[in-house]
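Residues per chain are reported as follows:
Number of protein chains: 2
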Amino acid sequence: MMLRFYNARIWTGKDFVDGGELWTEDGKIKLVSQVSPLILLPWDREIDAKGNLIIPTFKNSHAHSPMVFLRSQADDMALNDWLFKQVFPREAKLTPDDCYWLTRLAILEYLSSGMSVASDMYFHLESIADACVDSGFRNVILQGITANNLQGLEKLLQNDIDTLGSKGELINYRLGLHAEYTNSEECIKALANFAKSKKMPVYTHMSETKSEVEGCVERHGATPAVYLAKQGLFDFGGIAYHFVHPTDDDIKTLKDYGVSVVSCPASNLKLASGIAPLKKLIDSGLNVALGTDGPASNNCLDMFREMFLATGLQKATLADPTAIDGEEVLKMATVYGAQAMGLDDLDTIEIGKRADFIMIDIHQPNMQPINNALKNIVYAGSKSNVLMTVVNGVIRYENGEYFVGEDVDKIFSKCQQIADRILER
Amino acid sequence: MMLRFYNARIWTGKDFVDGGELWTEDGKIKLVSQVSPLILLPWDREIDAKGNLIIPTFKNSHAHSPMVFLRSQADDMALNDWLFKQVFPREAKLTPDDCYWLTRLAILEYLSSGMSVASDMYFHLESIADACVDSGFRNVILQGITANNLQGLEKLLQNDIDTLGSKGELINYRLGLHAEYTNSEECIKALANFAKSKKMPVYTHMSETKSEVEGCVERHGATPAVYLAKQGLFDFGGIAYHFVHPTDDDIKTLKDYGVSVVSCPASNLKLASGIAPLKKLIDSGLNVALGTDGPASNNCLDMFREMFLATGLQKATLADPTAIDGEEVLKMATVYGAQAMGLDDLDTIEIGKRADFIMIDIHQPNMQPINNALKNIVYAGSKSNVLMTVVNGVIRYENGEYFVGEDVDKIFSKCQQIADRILER
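From first to last, the protein sequence lines stand for chains A and B.
Residues in the first sequence are numbered consecutively from 10, following my numbering.
Residues in the second sequence are numbered consecutively from 10, following my numbering.
Warning: the hint list may mix true and false statements.
Copies of the same chain are indistinguishable here, so a pair counts whether it falls within one copy or spans any two.
Cross-link-like lysine-lysine pairs, in silico, DSBU-like; alpha carbons within 30 Å at most [claimed, not checked]: (1) Lys207 with Lys239; (2) Lys23 with Lys59; (3) Lys94 with Lys340; (4) Lys423 with Lys59; (5) Lys59 with Lys419; (6) Lys23 with Lys94; (7) Lys59 with Lys208; (8) Lys94 with Lys289; (9) Lys423 with Lys219; (10) Lys219 with Lys289; (11) Lys239 with Lys176; (12) Lys94 with Lys261; (13) Lys419 with Lys23; (14) Lys39 with Lys340; (15) Lys419 with Lys164.
Hints were generated in silico from the structure; no laboratory data involved.
Could you build the full structure based on these sequences and the hints that come with them?
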């Protein structure tokens, strides 16, 4: 597949190329240039971008895609009711086939919001991977290991590596610990040893709620970051999801171990977990990216919402309107997300990197006038501005239509059936 | 104009009518019913809603539409720089014609976000009103009186009443005080006397920032709500915009005087003003509605963002995920907004009321599955779900197209020219 875009305002993730050309070939960027070389190639499609913006895709660096069946089913309730009445007993009923269809639904929403990759911590991983491969969407996929996984842990992980490692270039596998509070020290140590033997990073929920931190201090005499690092979990780096309630020591620990943070501000608001001190984390030199978390706790999968919150909440809580510049937020949602997940060929639009990018429609009222195109995206943008999402050189979403190898109405209907069955309607 | 909608899921603002019929005639609701009466009428259009939602339009209860020329021009900067370097000197250059075209641009965005009315506090009011009438959009329009208006105040206000009172049913005029901190006591008293002589409510910015409240206490020995009420400003009710930093006395005062609150959570975040205690205000019995504020401080004009923030910020700051139920938020954005502005024929979808309603597309991934349609709107919805906006019985927006009596590209181009001229590019 070869695509040519011309007359585009390209933000590569670093610089601007105005009135530019962008060519793709075999899933990679072949050319980014302000001038059009005098070459004719056998394009599959030549697309006049009409002055619209082309930017790297958004990277949804923390997700639980199959939870989409619980959307709007578990709102406005206390966390314990949410978790123990709505989530856990219902998740237990999910089959691999359910997870396949639910992931396909989530992917549609990701594409319409300009994402080309999600990172799913869940179970029935092979079904999730298959849904991605069949849709032409990327995933950085991982188990959320809990104490229950201790028996046969190595076998489980090795099996994941073998199975998911063969799914092709759209699927990356990582190691995941659900959280300190759902684990035994034995299990954490076993996972850490496995990670060390494979030289792999580990991703985990961390310091999402105040009570989680207090519980860890009670159990282990240390906060989650410090405790988990001491177990050797981050010897090859990793990611801390949420990190809403960090201590200064926690921040230093993550910095020392090269652990990135993925913040999920909308979920943190809706579940009343709090507001993560993102400016402080960034100023401390941590790499901070963004994720939507699962659709039961957000409830939408929309990076525009996360971007506005990432900066807006800092401005308000610090009483400082200069906190986290709009352009920095855009990098968190694109460049830094790829870097957090070790997807170094997905961070920017450069020759030789993977062809993941979106076209943003500036010919809509919320993007007019053009005083500053990037800040328009962060402060005024919406998923309605996403004209096109290209994943690995293939147009998967364009102007309200999905090109994912399956009928959209069939995906909707399958997922409604799953929700109705599990919720016993 | 007569419209018939069938096969709709109608939320009237009070109840659900499933699989319902909605008829309009001459700008009013003629029928809302679960069964289709056996009558044939000379419909201008019969529309199969395909099970989509029909709900009352959103009411943007606080706006400064012409400020759209400053979108993304004044971000990430300290409030004083924003106000004195970016806003005031540039606003001074706006002509009536500028305000006309800028308002037309803002109206496009309002319509695409499901609004049928904005309430503009600004200047060059007749141009704003004309832009609305020409677009078929409503406005509740008002001066933001400052100390500078003291000379000839009565004449100015009487002229407004005469001029804007003749603009037809889409335009309502109200009295407005810019704020305590931009006024002299003499001017406030003169406006209060005028309001009393006309038995009119007064709308004003109030307690938006901490320093504003502290300044008022220093100047007058009382907080803005208490001070302004004592001057007789709210003898016939009114609206307090923002109300981010109220005291218990302030809340009681507004309650006693029947003054509504319009909260603008996105603007309050972006300008670092703070987070208004909406749950406390609601629990105290105040009527609380939502507004976008101006596009220079938000920067988008999108009620979906405001709704998520209205509840999400309360949940997080109170550490209570049950704070402000999703359905209550939807009423703030629709029903309570109309009631705050005294538009009693616009609050709900009922026979005899004005035909202002929107159709929400549930056949998009972010609205699937349907576990709770109203919470889908509040927690997962986006302006991309607005299929159609009907104002006064006329379809003004449908599926990305605008029916506002003017070419959209011409509006864009006029506004870009205005921005370029004023910003000296």
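Hint check results:
In this assembly of identical chains, the alpha carbons of Lys207 and Lys239 lie at most 30 Å apart only when taken from the same copy (18 Å versus 73 Å across copies). In this homomeric assembly, Lys23 and Lys59 come within 30 Å of each other (Cα to Cα) only inside a single copy, at 22 Å, whereas the closest approach across copies is 45 Å. Proximity of Lys94 to Lys340 under the C-alpha cut-off of 30 Å is restricted to the inter-copy arrangement: shortest distance 28 Å between copies versus 38 Å within a copy. When the C-alpha separation of Lys423 and Lys59 is checked against a cutoff of 30 Å, the pair qualifies only between copies, where the shortest distance is 18 Å, while the shortest distance within a copy is 38 Å.
Proximity of Lys59 and Lys419 under a CA criterion of 30 Å is satisfied inter-copy only: 16 Å between copies versus 34 Å inside one chain copy. For the homomeric pair Lys23 and Lys94, the shortest alpha-carbon distance between copies (29 Å) is at most 30 Å, but the shortest distance inside one copy (46 Å) is not. In this assembly of identical chains, the alpha carbons of Lys59 and Lys208 never lie at most 30 Å apart, being 46 Å within a copy and 54 Å across copies at closest. Only between protomers do Lys94 and Lys289 lie at most 30 Å apart by alpha-carbon distance; the minimum there is 28 Å, versus 35 Å within a single protomer.
With identical chains, the CA atoms of Lys423 and Lys219 are never at most 30 Å apart, being 38 Å at best within one copy and 52 Å at best between copies. In this assembly of identical chains, the alpha carbons of Lys219 and Lys289 lie at most 30 Å apart whether taken from the same copy (18 Å) or from different copies (23 Å). When the C-alpha separation of Lys239 and Lys176 is checked against a cutoff of 30 Å, the pair qualifies neither within a copy, at 34 Å, nor between copies, at 72 Å. In this homomeric assembly, Lys94 and Lys261 never come within 30 Å of each other (Cα to Cα): the closest approach is 37 Å inside a single copy and 39 Å across copies.
With identical chains, the CA atoms of Lys419 and Lys23 are never at most 30 Å apart, being 40 Å at best within one copy and 33 Å at best between copies. With identical chains, the CA atoms of Lys39 and Lys340 are at most 30 Å apart within one copy only, with a shortest distance of 22 Å there and 51 Å across copies. Taking CA atoms no more than 30 Å apart as the test, Lys419 paired with Lys164 passes in neither setting, with 36 Å inside one copy and 65 Å between copies.
Consistency with the previously given hints fails for numbers 7, 9, 11, 12, 13, 15, ordered from lowest to highest.
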